[in-house]
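If you count by full-length UniProt numbering, then the sequence shown holds residues 1 to 200, one letter each, in order.
Calculated from the structure, these hints are not laboratory results. Beta carbons: idealized from backbone N, C-alpha and C, even for Gly. Take every hint as true, because none was put in to throw you off.
Taking lysine-lysine and the DSS-like style, the derived pairs with C-alpha atoms no more than 25 Å apart in a straight line are: (1) LYS52 / LYS150; (2) LYS75 / LYS88; (3) LYS53 / LYS67; (4) LYS23 / LYS67; (5) LYS150 / LYS23; (6) LYS75 / LYS49; (7) LYS75 / LYS23; (8) LYS75 / LYS53; (9) LYS75 / LYS52; (10) LYS88 / LYS67; (11) LYS49 / LYS23; (12) LYS150 / LYS88; (13) LYS67 / LYS52; (14) LYS67 / LYS96.
Restraint-style ranges between C-beta atoms, simulated for each label pair: (15) SER95 / GLN15: 21 to 29 Å; (16) ALA100 / LYS23: 28 to 36 Å; (17) LYS96 / GLN160: 27 to 35 Å; (18) SER151 / THR98: 43 to 51 Å.
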Amino acid sequence: MMQQQQHPATNSRNQITLRGSTKIIVEFFEYCINSLLFQRGIYAPEHFKVTKKYGLSMLVTTSVEVKSHMREILKQVEAWLMACKVEKLILAIKSKETMAVLERWQFDIQNSKDHTATSQQNAPSDSAFASASSLAATAIPSTPTPKPEKSEQEIQSEIQAILRQITASVTFLPMLDEKCKPCQIARTYLLAIEPQAGTP
Numbered sequence: 001m002m003q004q005q006q007h008p009a010t011n012s013r014n015q016i017t018l019r020g021s022t023k024i025i026v027e028f029f030e031y032c033i034n035s036l037l038f039q040r041g042i043y044a045p046e047h048f049k050v051t052k053k054y055g056l057s058m059l060v061t062t063s064v065e066v067k068s069h070m071r072e073i074l075k076q077v078e079a080w081l082m083a084c085k086v087e088k089l090i091l092a093i094k095s096k097e098t099m100a101v102l103e104r105w106q107f108d109i110q111n112s113k114d115h116t117a118t119s120q121q122n123a124p125s126d127s128a129f130a131s132a133s134s135l136a137a138t139a140i141p142s143t144p145t146p147k148p149e150k151s152e153q154e155i156q157s158e159i160q161a162i163l164r165q166i167t168a169s170v171t172f173l174p175m176l177d178e179k180c181k182p183c184q185i186a187r188t189y190l191l192a193i194e195p196q197a198g199t200p
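Throw the hints in and build the complete structure from the sequences for me.
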């Protein structure tokens with residue numbers, strides 16, 4: 001496993017805030033992962049399709065394997081959110097061959113839903129692995145304030161803003177390893193989700 005000091009610093013452009021209920025945050029995070037997998041060339045364009053959500057056209061992966069692993073990741077993220085154990089997620093793109101972290105994306109979490117402490121028992125401790133990048137969550141207890149559910153228009157506006165931020169950030173980043181052809185990416189990158197040190 002990579003040591004923390006080996007991680008590239010998270011550029012402020014790569015820092016994104018996800019706000020809302022657990023359900024909304026998980027949805028937003030899923031679209032962010034898909035967007036990054038596409039825009040950073042982790043998978044070839046033909047491995048994505050356009051789907052409609054909240055009146056927007058979203059790119060999502062068509063890979064059965066990646067979708068399966070993503071469900072595992074989102075399930076764990078949801079458990080952390082329900083237990084009020086997470087205030088940020090780190091998405092790191094790393095080389096499968098060398099395990100070197102090539103790029104980091106930080107997602108600050110502002111969970112508007114209040115959950116009971118009993119949900120903490122649902123927080124998983126095992127790591128889940130797939131092909132593409134790496135996730136880590138910082139577990140810091142929080143007491144979110146309940147707020148009304150967002151309207152579809154608010155959700156649409158926030159998703160648009162987040163995806164625009166990702167697109168704008170990507171334009172400032174260098175290409176990932178040029179030797180990695182799109183069809184070979186699945187064998188070149190690793191996706192893992194694990195809690196950072198100190199997570200119960």
